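Whenever a hint applies, use it, and build me the whole structure from the sequences.
If you're matching them up, the sequences are chains A and B in order. Counting from 16, one number per residue, gives the positions in the first sequence under the numbering used here. Counting from 16, one number per residue, gives the positions in the second sequence under the numbering used here.
Hints listed in this document are in silico derivations from the structure and should not be mistaken for laboratory results. Treat each hint with caution, since some may be false.
The list cannot tell twin chains apart, which means a pair is met if one copy fits it or any two copies do.
[What the hints assert, rightly or not] Here are the simulated SDA-like pairs of lysine to any residue, each with C-alpha atoms no more than 25 Å apart in a straight line:
| no. | residue 1 | residue 2 |
| --- | --- | --- |
| 1 | Lys190 | Thr178 |
| 2 | Lys99 | Met140 |
| 3 | Lys39 | Glu155 |
| 4 | Lys99 | Arg70 |
| 5 | Lys190 | Asp101 |
| 6 | Lys39 | Leu169 |
| 7 | Lys99 | Gln173 |
Predicted model only: the values in this text are computed from it and were never measured.
Given next are the chains, with one letter for each unit.
2 protein chains.
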Amino acid sequence: MAETAERARLAQLESLGDPTRFAKRIHGLITFSPLFETFNLTEIRVLSEFMQVYRAGPGAEIIREGDAGDFMVFLIEGRIEVFKQDRWNAPRLIALIAPGQSFGEMSMIDGEPRFASCIAAESCMIAVLSRDSLARIILEQTTLGAKILMELVLILSQRLRLTSSKLLDYMDREKT
Amino acid sequence: MAETAERARLAQLESLGDPTRFAKRIHGLITFSPLFETFNLTEIRVLSEFMQVYRAGPGAEIIREGDAGDFMVFLIEGRIEVFKQDRWNAPRLIALIAPGQSFGEMSMIDGEPRFASCIAAESCMIAVLSRDSLARIILEQTTLGAKILMELVLILSQRLRLTSSKLLDYMDREKT
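See below:
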C-alpha cells in the first residue's frame with residue numbers, strides 16, 4: 016500500500032482491531048446507509064474483513080482537500096464535517112456526514128486528489144475501505160464485489176442528480 | 016422488458032441488426048470514450064452481444080426528461096444535444112454529446128426519472144445497453160461486468176467532481 020500523507024494520518028488514529036467485531040453494528044445502520052441498504056449481515060461480515068476500523072478524536076482530519084487518497088470511509092459513530100476552500104482559500108462547510116453515510120468514494124475510485132476535507136466534529140468511529148481491498152473483493156468475492164460497485168454507482172448517480180439540480184437552480188437564478 | 020414510453024420510441028428507430036458487427040467501430044472510438052477506454056476488442060465484442068444498435072434521424076428524441084428509463088446509450092456516430100427544462104419550462108441546452116461518449120447511465124442505474132432530454136442533432140448511430148442486459152452481463156460475464164461497473168463509477172465520479180466545482184463557483188460568485 017503506497018505511503019501517502021493521508022495514510023500516515025490514518026495510522027495515527029486509534030485502531031480498534033478485528034473489524035468483523037463491528038459487522039453487526041454496521042448492519043444496524045443500514046437503514047441510514049445508501050451504500051449498504053441491500054446488504055445482509057453475512058455480506059457485511061465478509062466485507063468488514065477487508066476494512067479497518069478506527070477511532071478519530073474531535074478535530075481529527077481524516078481526509079484533506081488536494082491530498083492523494085486511495086480509500087473511502089464509512090461512518091459508524093459520530094459526525095463528520097466536510098469543508099472545501101472557496102476562491103479566497105477560506106474553508107466553507109459544504110456537507111455534514113451522519114452515521115451510516117460514507118465519504119471519500121471519488122478519490123478511491125478515480126485516483127484524483129481529494130475534492131474536500133473531512134474532519135471529525137466529535138469523537139468518531141470509522142471503517143476504512145482501500146482501493147486495494149476493493150480490488151481484492153472484486154477478485155476474491157465476485158458477487159459481493161459487483162454488489163458494492165452497483166451501490167457505488169447508485170450513490171454517485173444520486174449525488175450527481177442532486178448536485179446538477181442545485182447547479183441549474185443557481186444558473187436559473189443568475190438568468191433572472 | 017417493461018414496455019415504457021421510452022421503449023416504444025426506441026422501437027420506432029431503425030434497428031441495425033447484429034450488434035457484434037459494430038464491435039470494431041466501437042473499439043475504434045475508445046480514445047474518446049471514458050466508458051470503454053480500458054476495454055480490448057474481445058471485451059467490446061462480448062459486450063456488444065448484449066446491446067442493440069439503432070439509427071436515429073435528426074430530431075429524434077432518444078431520452079425524454081421525466082420519463083421512466085432503464086437503458087444507457089453509447090453514441091457511435093452523430094451528435095446528441097442534451098436539454099433540461101429551466102424553471103420557466105423552457106428547454107435549456109446543457110450538454111453536447113460526441114461519438115465515444117455515453118448518456119442515460121443515471122436512470123439505468125437508479126431507476127429515477129430521466130434528468131434531461133437527449134435529442135439527435137443530426138443522423139446518429141447509437142448502441143443501447145439496458146438494465147436487464149447489464150444485470151445479465153454481471154451474472155454471466157463476471158469479470159466484464161465488474162469492469163463495466165468500475166468504469167461507470169469512474170465516469171460518474173468525474174462528472175460529480177466537475178458539477179460540484181461548477182456549483183461551488185456559482186456559490187462563490189453569489190457571495191461576492
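For each hint, the structure was consulted:
In this homomeric assembly, Lys190 and Thr178 come within 25 Å of each other (Cα to Cα) both inside a single copy, at 19 Å, and across copies, at 18 Å. With identical chains, the CA atoms of Lys99 and Met140 are at most 25 Å apart within one copy only, with a shortest distance of 22 Å there and 41 Å across copies. Taking the shortest alpha-carbon separations for Lys39 and Glu155, only the intra-copy value of 22 Å comes in at or below 25 Å, while the best inter-copy value is 32 Å. Taking the closest pair of Cα atoms, Lys99 and Arg70 come within 25 Å of each other only inside a single copy of the chain (23 Å); across copies the shortest separation is 44 Å, beyond that limit.
For the homomeric pair Lys190 and Asp101, the shortest alpha-carbon distances inside one copy (23 Å) and between copies (10 Å) are both at most 25 Å. For the identical chains of this complex, Lys39 and Leu169 are intra-copy neighbours only, at 23 Å inside a copy versus 30 Å across copies, given an alpha-carbon limit of 25 Å. Proximity of Lys99 to Gln173 under the C-alpha cut-off of 25 Å is found in both arrangements, the shortest distances being 20 Å within a copy and 17 Å between copies.
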